[in-house]
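Visitor: What follows is each chain in one-letter form.
Protein chains: 2
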Amino acid sequence: MPSASAGRKTQEKPREVMDAAEEVNKTVVLHSTPFTGNLYPSFEVDRVLVRVSNLTVQKADEVVWVRARVHTSRAKGKQCFLVLRQQQFNVQALVAVGDHASKQMVKFAANINKESIVDVEGVVRKVNQKIGSCTQQDVELHVQKIYVISLAEPRLPLQLDDAIRPEVEGEEEGRATVNQDTRLDNRVIDLRTSTSQAVFRLQSGICHLFRETLTNKGFVEIQTPKIISAASEGGANVFTVSYFKNNAYLAQSPQLYKQMCICADFEKVFCIGPVFRAEDSNTHRHLTEFVGLDIEMAFNYHYHEVMEEIADTLVQIFKGLQERFQTEIQTVNKQFPCEPFKFLEPTLRLEYCEALAMLREAGIEMGDEEDLSTPNEKLLGRLVKEKYDTDFYILDKYPLAVRPFYTMPDPRNSKQSNSYDMFMRGEEILSGAQRIHDPQLLTERALHHGIDLEKIKAYIDSFRFGAPPHAGGGIGLERVTMLFLGLHNIRQTSMFPRDPKRLTP
Amino acid sequence: MPSASAGRKTQEKPREVMDAAEEVNKTVVLHSTPFTGNLYPSFEVDRVLVRVSNLTVQKADEVVWVRARVHTSRAKGKQCFLVLRQQQFNVQALVAVGDHASKQMVKFAANINKESIVDVEGVVRKVNQKIGSCTQQDVELHVQKIYVISLAEPRLPLQLDDAIRPEVEGEEEGRATVNQDTRLDNRVIDLRTSTSQAVFRLQSGICHLFRETLTNKGFVEIQTPKIISAASEGGANVFTVSYFKNNAYLAQSPQLYKQMCICADFEKVFCIGPVFRAEDSNTHRHLTEFVGLDIEMAFNYHYHEVMEEIADTLVQIFKGLQERFQTEIQTVNKQFPCEPFKFLEPTLRLEYCEALAMLREAGIEMGDEEDLSTPNEKLLGRLVKEKYDTDFYILDKYPLAVRPFYTMPDPRNSKQSNSYDMFMRGEEILSGAQRIHDPQLLTERALHHGIDLEKIKAYIDSFRFGAPPHAGGGIGLERVTMLFLGLHNIRQTSMFPRDPKRLTP
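Here the protein sequences come in this chain order: A and B. For the first sequence, our numbering gives the first residue as 161, with consecutive numbering after it. For the second sequence, our numbering gives the first residue as 161, with consecutive numbering after it.
If you're looking for bench data, these hints aren't it; they were derived computationally from the structure. Treat the hints with caution; some may be incorrect.
FRET-style restraints, in silico, Cβ to Cβ [to be verified]:
no., chain 1, residue 1, chain 2, residue 2, range
1, B, Ser389, A, Pro326, 29 to 37 Å
2, A, Glu329, B, Glu511, 52 to 60 Å
3, A, Gln218, B, Lys538, 48 to 56 Å
4, B, Arg484, A, Glu587, 50 to 58 Å
5, A, Glu587, B, Arg335, 37 to 45 Å
6, A, Pro326, B, Gln600, 54 to 62 Å
For each residue, glycine too, the CB sits at the ideal point set by N, CA and C.
For reference, chain A alone in the conformation it holds in the complex (with noise of 0.2 Å):
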C-alpha cells in the first residue's frame, strides 16, 4: 500500500529491516551512541523523530520516523495492525506485504512483544472512517521499516488496557482491572497509562502553580534539613535515623526552619519537600513519607493577612490546573468520573464555633472544644458544599485545646487560638496557625503541654533575639493532587507511596 511517491526512503531495499529484525531476534539492543552497536553497525544519525502527536492529516503522505511503544499488535492474514503508543498518544500503524515488507517482515512486526520500544520508518496516510480507538483519529502509518530499539518480556505483570479501565465497567461487564497493590508492585508499567501519565503531570503542574504564585508575592524559597538532632514536638511518631555514634530523627515538618527564617529576616518563606511522619495508620489518605509544601510569613497586624495569602495561593493553583490541564483533568476523569472542583472567591471562611452550630443541627453531639472527627470532617464537608457550593473553605479559630503548643491563643478569647484548617471535598489539606514568637509565652504554654523544656529550648531560643509576629501553614501535596481530582487513595497521587506496609518499590 506505500505508495511510490513517498519518498527516496522508499526506494531502499526491505533487507536492510530483516537485518534488523534477525538481530533484534538475538535481543541485542540498542546500548551504545551514535547506532555503533550491533543494531545499527555503520547508522549516520540524520533522521528526525516525528511526535506521534503530531502525526496529523497535515502530514499526508509524507515519510516519517517515529518511535514508540507497541500498545498492541494484531496480525490479519498479510498484514499487521499495530497501535503505537507515545505517553497519552497512540496511532494505529499498518503492517502489509507488498513493496515495503516481506511476509518475514509481517511475522516479525507481530512478534514484538508489547511494550517493546521500536523505531518504525513509514508513510502517514489518510483514513476515510476515524479510528475511534486511537488518539491520532484520521491517519494511520504504513510502515516500510521497523527496528527494535528496547526489547519488553513477553509476560507482562499487568495490562494497560486494563489499567485504565473505569471499575464500574469492569464490574458491570466483567472485564478486567487491575488492584491497586499490583500497580505500585509494577509502578513502571502503571505509570504509562494515561490515567498516570494526567495525574502526575497535573501534580508537577500543582508544584510549579505554587512557587510561580509564591514567587510573584515575593516570598524566597528555602531548602530545611531533614535529619534533625531533636524530635521538635515531644518524639511521638517519628523516625529515628544511626547518624555515625548518635541517632537523629527525621523532621516531622519543616516548621522550626521555617520559623528560624522568619526570624532571620527573611519575612516570606515557602519549600517544597518530604516530610515524615512514623504514624502505623493505614487509612486512604496517610503516608509516612509525603511531599510539604511549606509557607511561612511575617504579618504586620493579624494573622489574617497570612491566612488570607495561602488561601489565595491554593485559589491560583485551582484556577491554574482548570486552565491548563484541562485535558488532564478530563483523561483522570474517563477513568475515575467526578464532578469539577468548585471553590469561591474570596475563598470562604468559617469559625469553628459555626462549624459546630452546622453539625449540631445536624444531629452531632460536640462538646466546644472538641476536634473533628475525620467523619464529621466528611459530613461538614457535605452540608458547607450544600449551604455554600464550594468544594474549598478555611475554618478558622480552632479550640486552643486540640492545638500544639505552639499555637498564638486568640487574646480575645482564651478558650480559642489563632490557627486554622483548610478543607479540600471535606478532607484537611492544610493546617496552619500564627506561631507564638514570644519566648516567654512560649515556654508558658510548653510547660502546660508538659513538655520537656530541655528538648525544645533551641526552639525557643530562636525567638530571643527579636521576632516578628508570624503564620504560616503546610500543604499535603498528594492529598491536594488526590482531592482536586476526586480520587480516592493518595496511593494513586504518590508516584512511589510510603506506607507503614509499603517501602517497594
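The hints should help you fit chain B onto chain A, whose structure is shown.
Guide: Only chain B this time, still in chain A's reference frame:
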C-alpha cells in the same frame, strides 16, 4: 525638628509613646492580633507600613510608619541616632528632644536592645550630606513615635557588623570577625547579615532558574521517596532508619526513581530534593545532607543530547544569576572578593584523555584509568582556565573503571564510558552518565563489580519491559552556589548544614 506640617499624626501627644515605652519595659510584647494585647490596648489597624528601601527623597517631608530592626543606637546629649534595618536595607533615624519627644523618650529609644523590632512613626527628611553608612543615603527619619514590637535580649551572641567584615580587614586592622561555628550556632542572627541574605536569595534563584529552564524544555517535575528499602549501590555510606519493626535507608540519590520515570515514559524529568551521604568526610565541600538538582532524560541517538541539555541548563542558570542577581553578587563580593564567573557558549567539552595530557604536561603522573584526585581536579581547573578562559567545563568519557556499575561502556572503546562530570572553578558540581538500560548488560556489569544481584533485583527488573536509552546527572545545589560566588566553604551556602559533627540547629 519635625515640622508642624507633617500631618495629623504629628498633632498627637507624646504621652502615648511613653505608655508604650512603659509597657515595653515590662517586656510585654505583641502577641495578639489585631493589636489587642497590652501594648496597644485599643489600636485600630489603618496604617500602611513603608519599606525602608522606599525611603528616598521622593518621600521627603512625608510622615511614614516603618517596621524595622534596631541595627545600632547611639545617644548624644538630647538626641539619639538609630540605624533601622530591614533585610539588606537600612536608614538613619533621629529621636531628638522637641515637640514630639520628651527626654524620657530619647532615653527610652537609646535603651532599646539591638536587633529588637520596632514600629516607628517619623518624618522623612532630606539630608545635606550623604549618609555613607546606610543604604538610604539621602534621607533620614525624624522619629515621632516608637513602639517595640519584639524585644531582643540585651546580649547578642554575635555582632552583625563583625559578621559581615571581610577577613582581610579583620586581620589587617585587628578588628573582630566571626568564626564559622559561632555563626552556625547562632544561625538565626547570622542569616540576617546582608551577605547571608544575598547568598540565600541567590540560591533561591538557582532553584527557580533550574526549574524555569527545564519546564520550558518540556521536563516534568517528579517527587521521589527518600526512605528506601535497600541500599542501591551496595550499602556503603548509607544512613539506616528504624522503620516500624524493620530497617530502611535514606536515599543516596533519586537516580533509581528518575530512571523508573524514564521507563514509565515521562521522557524528561527533574527533581529537587535532599540527598543523604553517610560519609565521614570533614572537608570544605562535603555535607551529609545536601540538595540535589537532578535530571534524567531519554535520548534518541546519542547521550550527548542529554549532556548538552544539562550543560545548557547550567549556562541558563549562570546567565540568569548574572542578569537578575547582580546586587546579591556584589553584596557577597564586598565581604568575599572574587572574580566574576566565566563560561563559554557552547560549553567547553574535554575528553578525559585530553585532561590527562594537560595534567601530564604540567608534570603530574597519572595512569590512564586513574580517577582525578581533588588536587588534580583543582590544578586541571587552573590549566583549563588559562587555556580556554572558562570557569565551567565538561569532562567527558571517564575511564569505565572509575564509574559505577550502571554506567554505559563506550561501544568504541571498552576502557572508556559514556559518562561525564561538570566543573565550576575546578571543582566537581555534577556527575552524570548514560545508564545501562539493557537488563542483560546491567547484570553483567553488576557481576563484574561484585555486586549481589539479589540486592539490586528491583533495579534491574525496572528495565525488563522496554526501556528507552537515557542519561542524566545530579547537581549539588550548595556547591553551585558556593563556586558561582567564589566562596570557600559549603557551610556558607547551606542554611542549616549537616556534617559528621554538626546536626544543629
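Visitor: If a hint holds in the structure, say so; if it does not, say that too.
Guide: Hints and how they fare:
1. Hint check: serine 389(B) to proline 326(A), Cβ distance near 32 Å, so the stated range 29 to 37 Å holds.
2. Against the hinted window of 52 to 60 Å, the Cβ-Cβ separation of glutamate 329(A) and glutamate 511(B) comes to about 56 Å, which satisfies the hint.
3. The beta-carbon spacing between glutamine 218(A) and lysine 538(B), approximately 55 Å, falls within the hinted interval of 48 to 56 Å.
4. Look at arginine 484(B) against glutamate 587(A): about 39 Å separates their beta carbons, and that is not inside 50 to 58 Å.
5. Distance hint for glutamate 587(A) and arginine 335(B): a CB-CB separation of about 58 Å, inconsistent with the stated range 37 to 45 Å.
6. Distance hint for proline 326(A) and glutamine 600(B): a CB-CB separation of about 38 Å, inconsistent with the stated range 54 to 62 Å.
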